[in-house]
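Generate the whole structure from the sequences, applying the supplied hints.
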Amino acid sequence: MQGIKYLFILKLFLFLSFSCARPHYVTEAEREINDVTGDCGYFFSTEKICLKIEWIKKPSENSFGEMDLTFVDPLDQNIFIDPLNEPNILLWMPSMGHGSSPVSMERIDVGHYRAREIFFIMAGDWDIHYQLKSGSDVVEEKIQKVII
Amino acid sequence: MWKRKSRKLLFSYILLSFLEKSWGAPCCGSGFTIPSIITSDDKAQLSFNYTYSLIHADVLSNGDWRLREEKDLTEIFKIEGAHIFKDRFQWGISAPYQKRTRDGVQSGTSEGLGDTSLQLGYEYLPDWDYNPLRPKGIGYLSLIFPTGKSIYESADGSGLDARGRGFWAFGMGSILTKSWGPWDANLNLEAHYSFPKKISNNTTNGTVEPGLGGSGSLGGGYNWKSIRLGALMNGFYESPTDVTGTTPSEGVIKRYVSSSLILSYLLKTNESVVLSYNDQTLFGSPVNTSLSKSVTIFYQKRWPR
Numbered sequence: 076m077q078g079i080k081y082l083f084i085l086k087l088f089l090f091l092s093f094s095c096a097r098p099h100y101v102t103e104a105e106r107e108i109n110d111v112t113g114d115c116g117y118f119f120s121t122e123k124i125c126l127k128i129e130w131i132k133k134p135s136e137n138s139f140g141e142m143d144l145t146f147v148d149p150l151d152q153n154i155f156i157d158p159l160n161e162p163n164i165l166l167w168m169p170s171m172g173h174g175s176s177p178v179s180m181e182r183i184d185v186g187h188y189r190a191r192e193i194f195f196i197m198a199g200d201w202d203i204h205y206q207l208k209s210g211s212d213v214v215e216e217k218i219q220k221v222i223i
Numbered sequence: 044m045w046k047r048k049s050r051k052l053l054f055s056y057i058l059l060s061f062l063e064k065s066w067g068a069p070c071c072g073s074g075f076t077i078p079s080i081i082t083s084d085d086k087a088q089l090s091f092n093y094t095y096s097l098i099h100a101d102v103l104s105n106g107d108w109r110l111r112e113e114k115d116l117t118e119i120f121k122i123e124g125a126h127i128f129k130d131r132f133q134w135g136i137s138a139p140y141q142k143r144t145r146d147g148v149q150s151g152t153s154e155g156l157g158d159t160s161l162q163l164g165y166e167y168l169p170d171w172d173y174n175p176l177r178p179k180g181i182g183y184l185s186l187i188f189p190t191g192k193s194i195y196e197s198a199d200g201s202g203l204d205a206r207g208r209g210f211w212a213f214g215m216g217s218i219l220t221k222s223w224g225p226w227d228a229n230l231n232l233e234a235h236y237s238f239p240k241k242i243s244n245n246t247t248n249g250t251v252e253p254g255l256g257g258s259g260s261l262g263g264g265y266n267w268k269s270i271r272l273g274a275l276m277n278g279f280y281e282s283p284t285d286v287t288g289t290t291p292s293e294g295v296i297k298r299y300v301s302s303s304l305i306l307s308y309l310l311k312t313n314e315s316v317v318l319s320y321n322d323q324t325l326f327g328s329p330v331n332t333s334l335s336k337s338v339t340i341f342y343q344k345r346w347p348r
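Chains as they are written, first to last, in my numbering: chain A, 76 to 223; chain B, 44 to 348.
Keep in mind that the hints are not guaranteed to be accurate.
[Said to hold, decoys possible] Sample of chain B residues at the chain A side, in silico, Cβ under 7 Å:
1. 108
2. 109
3. 113
4. 116
5. 148
6. 199
7. 200
8. 201
9. 239
10. 243
11. 246
12. 251
13. 284
[To be verified] Residues of chain B placed beyond 10 Å of chain A at every Cβ, according to the derived structure:
14. 169
15. 186
16. 270
17. 327
Quick caveat, the hints were computed from the structure, so don't treat them as lab data. Note that the Cβ used here is the ideal one computed from N, Cα and C, for glycine as well.
In structure tokens, the structure reads:
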């Protein structure tokens, strides 16, 4: 009887040992959230226009992020163009199926926009949707996958 | 006589093992609740509990963990009641009031009703003769009402005001309890289905499809005079939440294991208080969830048959 008791305790100990969580912590420095500046950046075929993205300040758990959006002519990227439709950014967490707080967008100059109040409400895999909208309709969008 | 009374008290303790509940990502409200079920020989029970829960880390869909730097606190005041009818049937209700406080750039406080639930139970395996091997078994059906605001209805998208999952859900499960002298053990297995929901907000216009989920817990305890010291491990699983509509996306499964240490004290024959510590970071390989550590204080009054 005593042997069975000790065997049970040993099995319980082994079960708990093997089922212990083994966390792999990642830091903010290991986030994957990058600029999109190479070649044309994102090409919007409906307007034949290129979009380049540059982070001014990346968002963190305790601060909003800001980014510059630049729309240029794909044939001559020194020519800045305002898109015909309204630029918009949507943050979406596909693994959980929900969004985040809205991003504000301001036109700074011709073809130059600044997005502010970029904030991801939790760590995880997120999609940044760069959209061109006509009213509430999304005319075209490009999706950047990031890990926050 | 003493033995019989002692066992009755032990069963009363066993039911207190079920006070732990599932905590999903706080953004999205709590997960499926382990029901308010009478596992003792009593006629009715009423419980009040207070939980203080802090998020420790977020777990990404690839299993990596990220520590939370800012405080994200959830407090829950919950009332639970259950009553026997027709000898072996019982119904139960659970109503949580939730307050969430978050620091950081989107700091604030939000409070309100969480998701409420109703249960219908049936004692399919009675233990009238205190058989040394056969456990007592209670099967149950649960219905979850999405009375708590979900993240899909969050006013500003921050999720601070999300206090529920937002879905109607139907579940079924079974609780088995057994005691041997001062020792007791309990097992709870449960499965549920959350119904799709149409949503329309700033970010999307479509349907959220949560699907199936389940949980299983195994607990045990040692009783000494008016004190019980118990432990409980509880594993949770939710199938991926897919979204169709203007922002279609495929979700990722959610899973985690919650472990609890439970200290119970029998104030009177039919009154108990419990202090429990719950930690979601110790066991298992969690995926796609937030993990919290919490303390619960629990008071329960029971009425004998």
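Okay, the hints, checked on the actual structure:
no.: 1; hint: 108; verdict: holds, 4 Å
no.: 2; hint: 109; verdict: holds, 4 Å
no.: 3; hint: 113; verdict: holds, 6 Å
no.: 4; hint: 116; verdict: violated, 15 Å
no.: 5; hint: 148; verdict: holds, 6 Å
no.: 6; hint: 199; verdict: holds, 6 Å
no.: 7; hint: 200; verdict: holds, 4 Å
no.: 8; hint: 201; verdict: holds, 5 Å
no.: 9; hint: 239; verdict: violated, 11 Å
no.: 10; hint: 243; verdict: violated, 10 Å
no.: 11; hint: 246; verdict: holds, 3 Å
no.: 12; hint: 251; verdict: holds, 6 Å
no.: 13; hint: 284; verdict: holds, 4 Å
no.: 14; hint: 169; verdict: holds, 27 Å
no.: 15; hint: 186; verdict: holds, 23 Å
no.: 16; hint: 270; verdict: holds, 22 Å
no.: 17; hint: 327; verdict: violated, 6 Å
Violated hints, listed in ascending order, are 4, 9, 10, 17; each of the other numbered hints is respected by the structure.
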